[in-house]
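Modelling step: build the complete structure from the supplied sequences, incorporating the hints.
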Amino acid sequence: MFSKLKNAFTGADTETAVKGQGGRETMKYAYPYARPHFLNLNDDEIQASMDHRLRPIINPSQRLVNNSGYAECINGGKSKYNEDQAVCHQGVLQSGSVKIPYLYFALFDGHAGVGAAICAANQLHHVIHQRLVDAQDDIWSEFVRDTNSETRHNLIIGALEISFNVMDDIIKEELIRKQSNGGCTALVAISLLGFLYVANAGDSRAVVCSGNKVHNMSNDFTPETEKMRIRQLAQLKPNLLGNDYTYYEYIRPLNSNDLGKRVLFKDSFMKGWTYKTVVLEDLKPSLITGQGKRSRVMATIGVTRGFGDHDLVSVHQRIPIKPFLTCHPEIQVYDLKDAKKHDVLVMGTDGLWDVIDGATVAHNFNEAVQIFDEKEVYISAATCLVGAARGSSKEQQWVLKNGKTASVDDISVFVVPLYQIAKDYKRMLKTISLRLPIVLPNDVLNFNNESSSQNSVVARSSYIKSVVEAIREKQKCRQQDRYSDLCFITADQTENDSSCNDYSSGAMLNININGGLPKDDFLLINVQSIDSIDILDETISNKDDISYFESLELEDNPHRFLNLKKVHLGTSGSIELLLLDNDVNEGDYRFRSRSFPGVDNSDSKNRKYHVSRNRTRKQVTRYKLKLKSNDFKLCNQIV
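Residue numbers for the sequence shown follow the numbering used here, so the first one is 126 and each next one is one higher.
Among the hints, a few may not be true.
[Said to hold, decoys possible] Just the calculated beta-carbon pair ranges, DEER-fashion: (1) Asp-262 to Asp-482: 40 to 48 angstroms; (2) Gly-221 to Gln-495: 44 to 52 angstroms; (3) Leu-554 to Gln-360: 48 to 56 angstroms; (4) Thr-399 to Asp-482: 28 to 36 angstroms; (5) Gln-442 to Asp-169: 42 to 50 angstroms; (6) Asn-273 to Gln-416: 39 to 47 angstroms; (7) Gly-221 to Gly-415: 50 to 58 angstroms; (8) Leu-179 to Glu-406: 50 to 58 angstroms; (9) Met-353 to Glu-298: 26 to 34 angstroms; (10) Asn-337 to Tyr-400: 44 to 52 angstroms; (11) Met-353 to Lys-465: 36 to 44 angstroms.
No lab work stands behind these hints: they were computed from the structure.
Keep in mind the model is a prediction, meaning the values are calculated, not measured.
C-beta atoms are modelled at their ideal positions from N, C-alpha and C, and glycine is treated no differently.
And the structure:
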């Protein structure tokens, strides 16, 4: 992180090092110096990447998730090592049988050594994952209740916030063991359940580019932007200043010639200026000096949020600076539902943003879209952005195309395609839709058999699970080893039946095991009204009775899941479910049975079924659910 610390201007190598074999310096860190794991660099390649004269741009040797792009280059000589670190990680949460995938991207910009950044790169995603696991059931239940639940967002935001705090404590412990030094900023982006969460502590930056539009997903945290917070803290705890600094801000630096004069100043709570007569106390240096990128806390550090810096003291007075710094991140949330093709999240350390603004980033990416194909555009865009910020070397200086000074800091950039993440989220919804709730109008069916002025919500997984468990228990009593799979039931009306509610004449229903939402109305059974379940084995020899198995045209779609029919609603409160038994001989068609809430189908992932056009005899299992009353209704409202 260029010029974050005053001693960075001297070019001093601030890493703690010891002499190893052959006099070679080796790092005394919990984690050895390395580049991001997804770059797959060997020792020679790492050494080559540290060429401060050429500053080569480094890309991953293998594609990242969703063809995301990444590129980096080392600084122009301000420190021996590249103090940036980057992480790309795929994680999975699980609530019950529901698997909830998420993506994690992170950039850490180190200063005063590489220890803090390397430590955070190796551990923060594990810390965040554990916190998300702690809340995963609540996150999922809130998502099921409302896909845009504010409570769900708060749970995820809270997990990120506490994780940043835990990570800072870990780095402090590493410092005590002399295995870490310095500090780092942290920029983290997580995509989870259709939303993007960006947590920032420092001056790395993230933007969403959609065409020519740029949406800032982070704010820089520097002494300039956090003047009020830092000065108010100093006013509340003046002992932190060590009697060497003042929390007042003056319009200009003061000296002894200003004593007794009136000058403009700001108190800690003020945004505007007013006059003050200068006294001897006012000649102390200000807690915050400089402007913009040159602003400093105690003339030492130019960033106010991040990890580490636990042993950082002011350059001259040796006063601890950590109390004025914080690891608390600002978190912004972005809805991915309207993401368009070529919408991207661009994350970069300050080596990029010091010389390039968001509009230029969007322009450069749009140019890359015109040149490169879909698989190459994101990594090519990341490479172009790093190259644009680094510029070219002329007369031992790095300059931009317009002749201005280029970035001589470490530069790291992610370009993440959001449209693909949104598509993956929608695809995930289809696979888990069985677990979404059923919304019942109050006049349809109430499990408590009580009238209600509001719609009742029944967890479909709970309803289905209850039926299946009852069937499983019956099968155990019969010492039946092989199980048939049961999911929700959808209704097909007969041609002569025009009523939507009267099925006493015998409607045909589907047993659907494709795991998706029913296209038609589906039957909802009040589980409490099930009196008994009978399992009847029989052999069907009539060709007409088995023809519906052949009519599925399974050859046309090898990925189609088995969809069986033949369910009869009896007039005396019984429902008969006719299922193909699992011990059918192996044959021409392969089907995968979906896993099911509360049911172990681990042995049936690649079960094969044979549907022969020549055979006329099939073994089937009939489940007959006897109800205490006609307590079943149709429902067609699904959320």
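Checked hints:
Taking 40 to 48 angstroms as the suggested C-beta distance range, the pair Asp-262 and Asp-482 conforms, at roughly 43 angstroms. The hint said 44 to 52 angstroms for the Cβ distance between Gly-221 and Gln-495, and at roughly 46 angstroms that hint holds. Between Leu-554 and Gln-360 the C-beta distance comes to about 51 angstroms, which sits within the given range of 48 to 56 angstroms. For the pair Thr-399 and Asp-482, the beta carbons lie near 34 angstroms from each other, so the given range of 28 to 36 angstroms is met.
Against the hinted window of 42 to 50 angstroms, the Cβ-Cβ separation of Gln-442 and Asp-169 comes to about 45 angstroms, which satisfies the hint. A C-beta distance of roughly 41 angstroms is found between Asn-273 and Gln-416, which places it inside the suggested range of 39 to 47 angstroms. With their beta carbons about 54 angstroms apart, Gly-221 and Gly-415 fall inside the hinted range of 50 to 58 angstroms. Range check, Leu-179 to Glu-406: Cβ separation about 52 angstroms, and the 50 to 58 angstroms hint holds.
Between Met-353 and Glu-298 the CB atoms are about 32 angstroms apart, so this pair conforms to the stated range of 26 to 34 angstroms. Range check, Asn-337 to Tyr-400: about 46 angstroms between beta-carbon atoms, so the 44 to 52 angstroms window is met. Between Met-353 and Lys-465, the C-beta spacing of about 38 angstroms keeps the proposed range 36 to 44 angstroms intact.
Comparing the model with each numbered hint stated earlier shows that all of them hold.
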